[in-house]
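Participant: Sequence:
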Amino acid sequence: MRSPKLAALELRRFRRGKLPAAALVALLLLPLLYGALYLFSFWDPYGNLDKLPVALVNNDKGATNDGKRVEAGDEISDKLLDSKVFAWHEVSSAEAEKGVEDGTYYLSLTMPADFSKKIASSGGDSPETGALQVRTNDANNYIVGQISKTVFGEVRNAASTNASRGFLDRIFVNFSDLHDKTADAAKGADELKGGISKAKKGSKELADGLKDSKAGTERLSDGIVKLNTGAGEVASGARQVAGGTQQLADKVNGAAGEARPFFTYFKENGKSIGEAARLAADGAKTARENLGKLVAAA
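Quick note: the sequence shown uses numbering that gives the first Met the number 0, first residue 0, plus one each step.
Note that these hints are calculated values from the structure, not bench results. Mixed in with the good hints, there may be bad ones.
To be verified - Listed below are the simulated DSSO-like cross-link pairs for lysine-lysine, each with C-alpha atoms no more than 27 angstroms apart in a straight line:
1. Lys210 / Lys197
2. Lys97 / Lys50
3. Lys50 / Lys67
4. Lys67 / Lys17
5. Lys78 / Lys117
6. Lys97 / Lys78
7. Lys60 / Lys83
Said to hold, decoys possible - The following label-pair restraints were derived from C-beta to C-beta distances:
8. Leu38 / Ala86: 23 to 33 angstroms
9. Ile142 / Arg12: 41 to 51 angstroms
10. Asn136 / Asp207: 57 to 67 angstroms
11. Arg277 / Gln239: 24 to 34 angstroms
Just so it is clear, CB atoms sit at the ideal spot from N, CA and C, and this is done for glycine as well.
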C-alpha cells in the first residue's frame, strides 16, 4: 500500500509549477523522439540512393578484338551515368581514393586499364575475366557493404543492354551457378574427409609395417653379425687345414727323398737280387729235405 501512495505524492510535486511539468513531458518525449529519428534514418535506405555520392573511375584504355574496337569501360560508364541511381562522379584514381577516405564519396568503382583487353581475350586461347575494383570505407556508414552490392547490381543492369550484353558474363561470376558450385564444394569436402580417413588408416598400417620391418632388420643384422663371426672361424680353420696339408706334403716329399736311393738301388740290382732270392729258396728246400732224411734215419 505504501508504494502507490509514494508514487502519488511524487506526482503531486510536478503540479506545483510549470517547470516540473515540462521536465516530466521531456522525460516522456525524448525516448520517443530518439526512436523516431533512429527509425527515420534507416527507413527505406535505398529510396534516395540518387543522392549518394559515388566515385566512378574509368581507366580503361580499350582493346581490339577481331578487327573491332572494344570500349567496354566507356559503354558501361555511360550507362551508369544515365541510370542516375547513384550520384556518380567521374574522377581520377587519386581523387577517388582521397574522397573515400575523407567521406566525400561513400565508395568508388574503378575500371582498370586492361578492362576491355581482358574481356576481349575471352574469344582467344587464354580467356580472362574483367575485374572491377570497389573501394569502401566502413567509417563512413556501416551499411556501406549493402550499398556496394547495389553498385554491382547497377553495373549488371548497365552491362545487360544490347550494346554491352556480350560483356556481362565476362565481368561477373554467374550467380545462378553459385548453389551448384557450393554443393559440389560440399561433396568434395565429404570426399576429402573420406580420403583423409583412408589415409589415416593407411598411415597406421604403414606404421605397423615399419615396426615389423624394423624388427626384421634387427634380426637380419644379428644374423649378419653371426655370419661374419662364422665366416671368420671358417677362414681360420681353412688356414689351419692349409698349414697341415703343407706340412703333410713336406713330410711326404722328405720321405720320398730318403727312399729314392733304395728305389734306385733296387732298380739297378733287381735281377741280381732276384737270382739270390731263388738260390736262397733252393737252399732252404734242400735243407728241409736233408733234415727230414736225418729224422727218418734216427
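Participant: Next step is simple, just say for each hint if it's right about the structure.
Facilitator: How the hints compare with the structure:
For the hint linking Lys210 to Lys197, the alpha-carbon distance of about 20 angstroms falls within 27 angstroms, and the restraint holds. The straight-line distance between the Cα atoms of Lys97 and Lys50 is roughly 20 angstroms, inside the 27 angstroms bound, and the hint therefore holds. Of the pairs offered as hints, the one joining Lys50 and Lys67 is violated, with about 37 angstroms between alpha carbons and a cut-off of 27 angstroms exceeded. With a C-alpha separation of about 81 angstroms, the suggested pair Lys67 and Lys17 falls outside the 27 angstroms cut-off, and the hint is violated.
In summary, the hint linking Lys78 to Lys117 is supported, as the alpha carbons are separated by about 20 angstroms, within the 27 angstroms threshold. A C-alpha spacing of about 25 angstroms is found between Lys97 and Lys78, which places the hinted pair at or below 27 angstroms, so the restraint holds. The straight-line distance between the Cα atoms of Lys60 and Lys83 is roughly 24 angstroms, inside the 27 angstroms bound, and the hint therefore holds. Hint check: Leu38 to Ala86, Cβ distance near 24 angstroms, so the stated range 23 to 33 angstroms holds.
A hinted range of 41 to 51 angstroms holds for the C-beta pair Ile142 and Arg12, which are about 45 angstroms apart. Between Asn136 and Asp207 the C-beta distance comes to about 59 angstroms, which sits within the given range of 57 to 67 angstroms. Checked against the hint of 24 to 34 angstroms, the C-beta distance between Arg277 and Gln239 comes to roughly 52 angstroms, which is inconsistent with it.
In terms of the numbered hints stated before, the structure departs from hints 3, 4 and 11, listed from lowest to highest.
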